[in-house]
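When you get a sec, could you build the whole thing from the sequences and use the hints?
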Amino acid sequence: MATTTTAPAYTMPRDHYLNSSYGIRSWLLTTDHKRIAWLYLAGVTFFFTLGGIFAAMIRIHLLVPNGLLVSPETYNKLFTMHGVAMIFFFLIPSIPAVLGNFLIPLMIGAKDVAFPKLNLLSWYVYITGGCFVLYAFATGGLDTGWTFYTPLSSVYSNSAVAPAVIGIFINGFSSILTGINFAVTIHTMRAPGMTWFRLPLFIWAHYATSIIFILGTPVIAITLLLVALERVFHLGFFNPALGGDPILFQHLFWFYSHPAVYIMILPAMGVISEIIPTFARKPIFGYTFIAASSISIAVIGFFVWAHHMFLTGESTYAALAFSLLSYLVAIPSAVKVFNWTATLYKGSISYDTPMLYALGFIGLFLIGGLTGLFLACLGLDINIHDTYFVIAHFHYIMVGGAIMGYLGGLHFWWPKITGKLYPEFLARVAAITLFVGFNLTFGPQFLLGLMGMPRRYHNYPPEFQVLNVLSTAGASILAIGYLLPMVYFTWSVRYGKVAGPNPWPATGLEWSTDSPPPAENFDVTPVVDWEPYDYKNRADLGLGTSVAPLAPAHGDD
Amino acid sequence: MSEHAEHVVSPKIYLLIFAALMVLTVTTAWAATVDLNAYFMGLNIIVALVIATCKASLVVLFFMHAYYSAKRTKLIIICGVFWLAIMLFLTMGDYATRSWEVH
Amino acid sequence: MHRTGELYGQFQTLEQQKASATLGMWIFLATEILFFGGLFLTYTINRQAYPDVFADASKTLSLPLGTINTLVLIASSLTMAMAVWSAEVGKKKLIPLFLVLTLILGSIFLFIKGIEYHDKYVEHHIPGLPFQFEPGSSVATNAHAELFFSLYFGMTGLHAMHMVVGVGLLIWLLRQSLKGRFTPDYNTPIENVGLYWHFVDIVWIYLYPLLYLIDRHK
Amino acid sequence: MPSQLPIYPDQASNFAPQVDTLMTFMILVSAFFTVAITAAVIFFFFKYRRKSENEIGVPIHGDMRLELTWIVIPLILSMVMFGWGAVVYVDFRHPPQDALDIYVVGKQWMWKIQQPNGRREINELHVPVGRDIKLILASEDVIHDFYVPAFRVKMDVVPGRYNTMWFRPTEPGRYHFFCSQYCGTNHAQMGGWVTVMEPADYAAWLSSSMETETDPILAGEKLFSEKSCSMCHLADGTGRGPSLNGIYNGSVRLADGSTVRADDAYIRESMLLPNAKIVAGFLPIMPSYQGQLTEDEILSLTTYIRSLQSQPVPAKGAGVIPAGKK
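Residue numbers (this note's numbering), protein chains in the order written: chain A, 11 to 567; chain B, 4 to 106; chain C, 153 to 370; chain D, 147 to 472.
Treat the hints with care, since some could be wrong.
To be verified - Lysine-lysine pairs mimicking DSSO-like chemistry, simulated, CA-CA at most 30 angstroms apart:
#, chain 1, residue 1, chain 2, residue 2
1, B, Lys74, C, Lys243
2, B, Lys74, A, Lys127
3, D, Lys253, D, Lys373
4, A, Lys127, C, Lys331
5, C, Lys331, C, Lys245
6, D, Lys280, D, Lys462
7, B, Lys15, C, Lys243
8, D, Lys423, D, Lys253
9, B, Lys74, B, Lys15
10, C, Lys331, C, Lys211
11, C, Lys370, B, Lys15
12, C, Lys211, B, Lys15
13, B, Lys77, C, Lys243
14, A, Lys546, D, Lys193
15, D, Lys197, A, Lys356
16, D, Lys423, C, Lys370
17, B, Lys77, A, Lys127
18, D, Lys197, A, Lys507
19, D, Lys280, D, Lys258
20, D, Lys197, A, Lys546
21, C, Lys211, D, Lys423
22, D, Lys462, D, Lys373
23, A, Lys430, D, Lys197
24, C, Lys211, C, Lys245
25, B, Lys15, C, Lys245
26, B, Lys15, B, Lys77
27, D, Lys193, A, Lys356
28, A, Lys546, A, Lys430
Everything labelled a hint here was simulated from the structure, so no lab data went into it. Bear in mind the structure is a predicted one, so any value in this text is a computation, not a measurement.
Right under this line is the structure:
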């Protein structure tokens, strides 16, 4: 692989945000968005590891039809806690709160987010919510499923539901505050010349994500609060025995929790939209379409929630409407995939690790997205709803999509965040391992679903065993794929080669400052006079001078 | 930014709005004691909500200065209300159309 | 955003700082709409299911107290708006006066709310405690009435909590204004607390007819 | 353990071929796009690999015609998917009128099933081949879901209401059914077998000796007096409530002038929320039995009321609109 042969020897900048002050207080009381990103990185890595351990136990348990490891109660707790840890405390904050926090001010040329103290407060709120949930896990666990369907959660479950839902309620405010902060920052903090249509697509994606944070999260917060009240005071909002309506709970729950899927995938799409033009060294194909598709996903995403409820007994008319609307939200996602693919055309493509993740993302997201069409299809949903098909589908979106995006982004910006390079060969190995392991784990689950294996089963009829064993085998490969980056990232902080300000090189503003950036981000306020992802007119990148472009800059051949 | 110079609303307008709000409050309390449902089923609640919306609009537009605010502010208000409407009406749509089913 | 009108490090200009604070407040209020929205939806679906019991239960609320509270809260919105106006035109002495008036009206509202809650307690209309809607009412009617009161306490309770937060903010503003911190150039805190206070007022404007005024004619 | 991995399980209902054909269509469309895009990505990946350190790509910014193409074509395809799926679903949600009604009550963690003649079974469902079967689903506690993979159909079983589903078995045999909505600790054990029988075998099985359980008609009759229903709903129509003779599945005129069919859902609602639909000529005086009847008891009462279907309808004070009257 013939990249990076004669990199000039860089030295670390003298002053940067990591050495601007020392001591635990300087981290826990920091208002620097870059350090807060590290705090979040610690938090989400913890919950990812926790959720990963639960997942590993689930897969080992399912090796044999009668279950290998644990009792039914424990199994139910494992998948519930896996879901809660992964969704509310890893996936939702992962890209926005880590990469978004670090990058949004840098990308738009600001010194910080609009409300730095609020930003720190968000982290503490997140940790507080996390503590409640960990308390629930430790004292009695949680066995309601991450969906908290009533009246199971509000009446029948014997586990620690109340602290868990209160933890998620609290955590919601972290999302809300982050959303407000990002939206305001993107509106008011842009550097001179950074017009809306010069914004990196990562910013557009986060703007769209903020819309969901702001307008969706409050609903789940109040809903879970009602569940807690119902459970503690024996009220009847969602309990049919007291006149309440369990389907109303599902409406309220999915009003947020379906758009929440877009909270997970939109930022990942933003990451991919940065990586692909950088490693193809050309402007992204159809910038406005990708930007607009982010916004339309965020908006249309709010009109589709009841496709989770086709078989609850909602009215046929509602089911028809929600199915139709669900198909509409697929279009902007398709537009993105086509545009990314088209961007590769006549590019100058390198095989660096972030690019491997990006291409892996396209493949996995494609499968995840297309199988979403199966589930939105009313006639198929009556068969595959609540089977392993659903499990496979959303893991393709959330693990194949969101986590590939998250890891791709971490690899892409790691040199900016730490100033160091990770070992490239190892990183490529990890990327490929992840891709293979992922497909082995979740590919068989599609077949399990088609064969009729329902989800959340701690044991199963013997005809499902072969595929379950295959899936568990894949999971062990997947686990190696996750452990590798944890190891070499940690190693690289200390021993990695110094990266220099712009190792790839990339065109974004964040690459025009030092790596790691100074505490104030930029020594002088940057003025933007170039279009996004423009390699041709960027003499400062030192590219393309010796090699003439292959063809005139025109669009349609 | 489209944030233009601040518009100071005079106390006279405030007093006027306040008076209107008082009148509307008394009106809605009185309207509830009249059987409007006799004319049209559900008219009572419709009248109550229309009056409430008038009052809320007055507060938003004048007390909260939305009338004089930047487009961006108006957009946020519209979004908030619109999203609430999505939630209310799509959910109520499910409930309302259940009785249309032919079994 | 506190102490003085100084420029914070992350901003380039005071205008940018003010625009950010205002925008942030409005977006926060948008989240609040959806926050209360979940309760309004729960209310709507349940009222649709049990219209008669909801009407009967609503009639046990005190119409005079509810109406007086509505008027009190609207009056407090007026005084709040006047406090903002005083800051905008630089009448430094008037700011604390109007803030105190707002504070008093807000406290009256909470006091009356407390009386109402106490009445409900006496009548055994508090869900979760031993609940009896009317002597001899059937199990189902009791349950549906309890639903109404769960929503009543949920909605007015959440609203009252917002009021309490508002009162706290007013006290803080009052201290700042007594120190003469607010000028025509720097009054974002008053303005933003004002926005919050008016929003809480609007929530009540809807709660009042939905909870107190169900079919009063019957 | 079977040696082969079938993608589809047995097809044993009218819906199975429909669902599978639709599934095959979806798989083909998806496979086409997956292969096409993956091939394009891999091809570009190698064709346009970076040739020299300083090389940059050709700055192509976009193309309106292409964008419109890949908006419009997926839109058309997805509308086809929607329409096709909708046809199957609407059919599934509307059981045929003359279907065989079987009651299914889910409770943590078992299924109680009652055949049309009152015969009861647990975690077993016997049905005749070739006949439309309508399941009336109720839950005693949490949400369950009745799922028969070989029939390709499922429906949630939601407490506090009846849901219905239907199918027409096409192949005799024994097939798994599962609970597919997570319902607590032993969710995975909450399954059983559907036995599809030849109609003659089914009829013979149905009339074979009842299991030890009490006859639901008798149980319903007992409840009918225990819960004081019989105090008002006098058979001769002279009570404070309408006579229930012949009311089951008959038309009922309501106080507001409309008519409804007294199906299971209506009878259930009349017990739980009696004031929702008042029979014309009667006062809204019946107390609600919500929270005082289990699904099992509601079912027994319904079965009893159903057994009154053939009883003589009094001329006055009947719930049902007597035959011949409009």
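Against the structure, the hints come out as follows:
1. Of the supplied pair hints, the one linking lysine 74 (chain B) and lysine 243 (chain C) holds, its CA atoms being roughly 29 angstroms apart against a limit of 30 angstroms.
2. Between the alpha carbons of lysine 74 (chain B) and lysine 127 (chain A) the distance comes to roughly 28 angstroms, so the proposed pair stays at or under 30 angstroms and holds.
3. The straight-line distance between the Cα atoms of lysine 253 (chain D) and lysine 373 (chain D) is roughly 23 angstroms, inside the 30 angstroms bound, and the hint therefore holds.
4. For a cut-off of 30 angstroms, the pair hint linking lysine 127 (chain A) to lysine 331 (chain C) stands: about 24 angstroms separates their Cα positions.
5. With a C-alpha separation of about 11 angstroms, the suggested pairing of lysine 331 (chain C) with lysine 245 (chain C) holds against the 30 angstroms cut-off.
6. Under the criterion of a C-alpha separation no larger than 30 angstroms, the hint pairing lysine 280 (chain D) with lysine 462 (chain D) is inconsistent with the structure, at around 33 angstroms.
7. Restraint check for lysine 15 (chain B) and lysine 243 (chain C): the C-alpha separation of about 16 angstroms stays at or below 30 angstroms, so the hint holds.
8. For the given pair, lysine 423 (chain D) sits about 29 angstroms from lysine 253 (chain D) by alpha-carbon distance, which is consistent with the 30 angstroms threshold.
9. Straight-line distance between C-alpha atoms of lysine 74 (chain B) and lysine 15 (chain B) comes to about 25 angstroms, which keeps the hinted pair within the 30 angstroms bound.
10. With a CA separation close to 48 angstroms, the supplied pair lysine 331 (chain C) and lysine 211 (chain C) exceeds the 30 angstroms bound.
11. Distance restraint check for lysine 370 (chain C) and lysine 15 (chain B): the Cα-Cα separation of roughly 40 angstroms exceeds the 30 angstroms cut-off, and the hinted pair is therefore not satisfied.
12. With a C-alpha separation of about 37 angstroms, the suggested pairing of lysine 211 (chain C) with lysine 15 (chain B) is violated against the 30 angstroms cut-off.
13. At most 30 angstroms may separate the alpha-carbon atoms for a hinted pair to count; lysine 77 (chain B) and lysine 243 (chain C) meet this at roughly 29 angstroms.
14. For the proposed pair lysine 546 (chain A) and lysine 193 (chain D), the alpha carbon gap of about 21 angstroms is at most 30 angstroms, so the pair holds.
15. Annotation: proposed proximity of lysine 197 (chain D) to lysine 356 (chain A) holds, straight-line Cα distance about 12 angstroms (limit 30 angstroms).
16. Restraint check for lysine 423 (chain D) and lysine 370 (chain C): satisfied, since their Cα atoms lie roughly 20 angstroms apart, inside the 30 angstroms limit.
17. Our distance criterion of 30 angstroms between C-alpha atoms is met by lysine 77 (chain B) and lysine 127 (chain A), whose separation comes to about 27 angstroms.
18. For the suggested pair lysine 197 (chain D) and lysine 507 (chain A), the alpha carbons sit about 25 angstroms apart, so the restraint of at most 30 angstroms is met.
19. Proposed proximity of lysine 280 (chain D) and lysine 258 (chain D) is supported: the alpha carbons are some 15 angstroms apart, at most 30 angstroms.
20. The hinted pair formed by lysine 197 (chain D) and lysine 546 (chain A) meets the criterion: a straight-line CA distance of about 17 angstroms does not exceed 30 angstroms.
21. For the given pair, lysine 211 (chain C) sits about 24 angstroms from lysine 423 (chain D) by alpha-carbon distance, which is consistent with the 30 angstroms threshold.
22. A hinted pair counts as satisfied when its Cα atoms are at most 30 angstroms apart, and lysine 462 (chain D) with lysine 373 (chain D) qualifies at roughly 24 angstroms.
23. Taking the CA atoms of lysine 430 (chain A) and lysine 197 (chain D), the gap is near 26 angstroms; set against the 30 angstroms cutoff, the hint holds.
24. For the hint linking lysine 211 (chain C) to lysine 245 (chain C), the alpha-carbon distance of about 45 angstroms lies beyond 30 angstroms, and the restraint is violated.
25. A distance of roughly 19 angstroms separates the Cα atoms of lysine 15 (chain B) and lysine 245 (chain C); the hinted pair therefore holds under the 30 angstroms criterion.
26. Pair hint lysine 15 (chain B) plus lysine 77 (chain B) holds up; C-alpha atoms about 24 angstroms apart against a cutoff of 30 angstroms.
27. For a cut-off of 30 angstroms, the pair hint linking lysine 193 (chain D) to lysine 356 (chain A) stands: about 8 angstroms separates their Cα positions.
28. With a C-alpha separation of about 27 angstroms, the suggested pairing of lysine 546 (chain A) with lysine 430 (chain A) holds against the 30 angstroms cut-off.
In terms of the numbered hints stated before, the structure departs from hints 6, 10, 11, 12, 24, listed from lowest to highest.
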